[in-house]
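Colleague: What follows is the residue order along each chain.
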Amino acid sequence: MLNSWSTALVGNPNTGKTSLFNSLTRSYAYVGNWTGVTVEKKVGMLRNHAAQLIDLPGIYSLQPMSRDEGVAVHYLLHDQPNVILNVVDASQLERNLFLTIQLLEYGAPTLIALNMNDVAEGRGIYIKSELLGSRLGVPVYKVNARRDQGIPALLDDLTPDGMLAKPPSTFRLDYGECVEAAIQRLEALLPAIAHIPSRWLALQYLENNNTIHEWVQQYAEIEPAVERLYEETEQHLQAAGTALHLPQHIRTVRTAYIKQIVAESLSHTAPAKPNLTDRIDNIVTNRWLGIPIFIAVMYFMFKVTFEWIGSPLSDLLDGFFGGAFTDWTSSLLDTVGASAFTHALIQEGIIAGVGGVLVFVPQIFILFLFISFVEDSGYMARVTIVMDRLMEAVGLNGKAFIPFVIGFGCSVPGIMAARTIEQPRERLVTTLLVPFMSCSARLSVYALFAGVFFEQHQAFVVLSLYLLGIVLTLILAKVFSLSFMKEEQTVFVVELPPYRMPQWRTLFRSTWEKGKGFVRKAGTFILGGSVLIWLLSYAGPDGFGVAMNESYLAKLGGVLAPLFVPLGFGTWQAGAALVTGFMAKEIVVSTMNIIYHAPDAAMLEAQIAHAFTPLTAYAFCAFVLLYVPCLATVGIIRREVASWKWTLFSMSYALVVAYLVALLIRFGGMLLGFA
Amino acid sequence: MTSHIQSPCTCKSLGHLKPGEAAYITSLARLSSAVSHRLLDLGVTIGTLVKVKRCSLLGGPLMLEANGQLFGLRKVEATLIEVDVC
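Sequence order for the protein chains is W and S.
All residue numbers for the first sequence refer to the working numbering, where the first residue is 591 and numbers rise by one.
All residue numbers for the second sequence refer to the working numbering, where the first residue is 2 and numbers rise by one.
Among the clues, some could well be false.
Here are the simulated lysine to aspartate or glutamate pairs, DMTMM-like style, with alpha carbons at most 25 Å apart [to be verified]:
1. K76(S) / D738(W)
2. K19(S) / E1195(W)
3. K632(W) / D738(W)
4. K76(S) / D764(W)
5. K718(W) / D738(W)
6. K893(W) / E1195(W)
7. K76(S) / E711(W)
8. K19(S) / E711(W)
9. K52(S) / E982(W)
10. K732(W) / E695(W)
11. K849(W) / E695(W)
12. K732(W) / E1085(W)
13. K849(W) / E66(S)
14. K52(S) / D708(W)
15. K849(W) / D85(S)
16. K54(S) / E83(S)
17. K54(S) / D738(W)
18. K54(S) / E1085(W)
19. K732(W) / E854(W)
20. K19(S) / E1085(W)
21. K54(S) / D966(W)
22. K54(S) / D868(W)
23. K52(S) / E684(W)
24. K52(S) / D868(W)
25. K54(S) / E711(W)
26. K632(W) / D669(W)
27. K13(S) / E83(S)
28. K52(S) / E66(S)
29. K849(W) / D738(W)
30. K52(S) / E797(W)
31. K13(S) / E1085(W)
32. K849(W) / E83(S)
33. K54(S) / E982(W)
34. K718(W) / E695(W)
35. K849(W) / E797(W)
36. K849(W) / E684(W)
37. K54(S) / D708(W)
38. K52(S) / E1195(W)
The hints are simulated quantities; they were obtained by calculation from the structure and are not laboratory data.
Produce the complete structure using the sequences and hints provided.
Modeller: Laid out in structure tokens, this is it:
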């Protein structure tokens, strides 16, 4: 019973849900997928090991508008949480309680965690939590998730025993004679779902909840009767002059009730001080300074990641893999009497391939740390405002900027973040374009080439590649929106949470959540890929241990090499690296390490300096930036757009764009006099 | 047909307010249902007092405040919202 006992964490966006999750659990037990939809499901074990805590996406109501919100409703409909833990923002009590009421009507045992009391008190709002609890008929706990205040009491009551001891919720609002009659008739008509009160189903139907309407449509025999009932009730309300439509009436009843309990349980004092958020916003969202500040923030992020902190750490790690670690494994292999084959496999295949990618871990984690900081501090939401005008000009939405920024870390979470965009076409275009945002894996390729050819201007060269991706994205967004997005109305309403200093615990945890995929990939995909590539380079038509130029890898790369001649990198080595790079873009680096027999970065850099010129190196980097998204990204695009046609389109148009751009760079550069 | 006494309020569109000005919403009827749904999610509906905090360059989104909550809305949509300035 213990392990199947589940608590669902539900609340509006920006209420400190993640902070609360982190203070209630020690770590994510696992991250999986929801049934039917492909949103990440985060499950953690409570600190007292009493139950699982399931983190649902932030929602304003149970009427889903975006895919993200659909998940929560889907969960309530198809799974059965034992307990609901509803996070409520004390500074926005009235708005938060709309969701609370819908949850209470759902009937599962519910607890309310009242968070953000410090923000509320800063505004002179004080909440009598006992009174609020007694009005709603459920316990209310004042917590400060960021400071771990009030958490022990909440944890104690979240145990199965603690919850079973509480009387079941009996919350019930009276929606007036006409609607109540309709509810009763609906309850009789609608098919029963074991764990869901029929009253909740009826109410959600009357509220025009899409998910429930879709569910009713499965039952062809009852649908007409149910629909008629809906229309009759609505006509009744209109005739009586009560409301224009049913959802409005239901909302009015709830508003009246909420206003009443809020009035009872709030007390006001004078606000403490002019708030910090205002002062920061005066600067960062200033009409003139907004965009320059955003660009400066990005530049600072790259400076730190690539020059100030990331690169020195990467160099240290590289020295370790190429030096001490190689010597150490070499002597270990000698002692156990390993064959020459094993020797070569481990040193030239695995250490060169996997080590070559692992050296970029510091840079990638620093980049993710920055992105988490920007997200958690509240600045990311402002960026959508600052950038919306530009995005609107190309037919997108300021909200698409968040997936793009996350795409700098990795395309996979970037594409998943596109779910918050309400309109399907805008979401599709955003999904197709996220791969052009240069991800951290591609960074390892630039870092390698920039280190060889542009040592003095690394940050600038890398930034220019990022900008190349951004500019192309904007151009293509315009093309796409003109060609297949004409009819759709866009929605741009963004909540701007108050600025908060992100908590280190949350930052580190989300950085790790984002970055661990990279480390895991190094241990699985890249390990396997490196072994395979090494074998292909070790074996040839004439047997094993052939010269590199006679290997299968050389043959494979050689087939493609002529295609790349116009781009200036028509060598079999480049061809082989690009083919294998489809598995994961950092494999381009692994492959080069293996091909050039380079145990460490210094050796590799020397080899590369022979094979490329600065101009072809830049064209190669641009090609790596743009050509086909990696395998993992193609997988997530397929799942998100649910269409092979669009998935294949995303791969092929990228390849065409990459080729054209690299060609343009090479010939443009030659015209400008770069050799 | 006005039942109330002559009020000092004037009807305007939210998009025409200047930064620092505040007004009560009187109609959201001209908005698309998706936008008004989102506004409702934020607790913004008829009768809500909305303050314009900031405008962006070139007709970009407005930064608004209602019930102590900041949010962004495009100028085009703000222009469709009718308000009463008091």
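Colleague: Which hint numbers doesn't this structure obey?
Modeller: As far as the earlier hints go, 1, 2, 4, 7, 8, 17, 29, 30 and 38 are violated by this structure, in ascending order.
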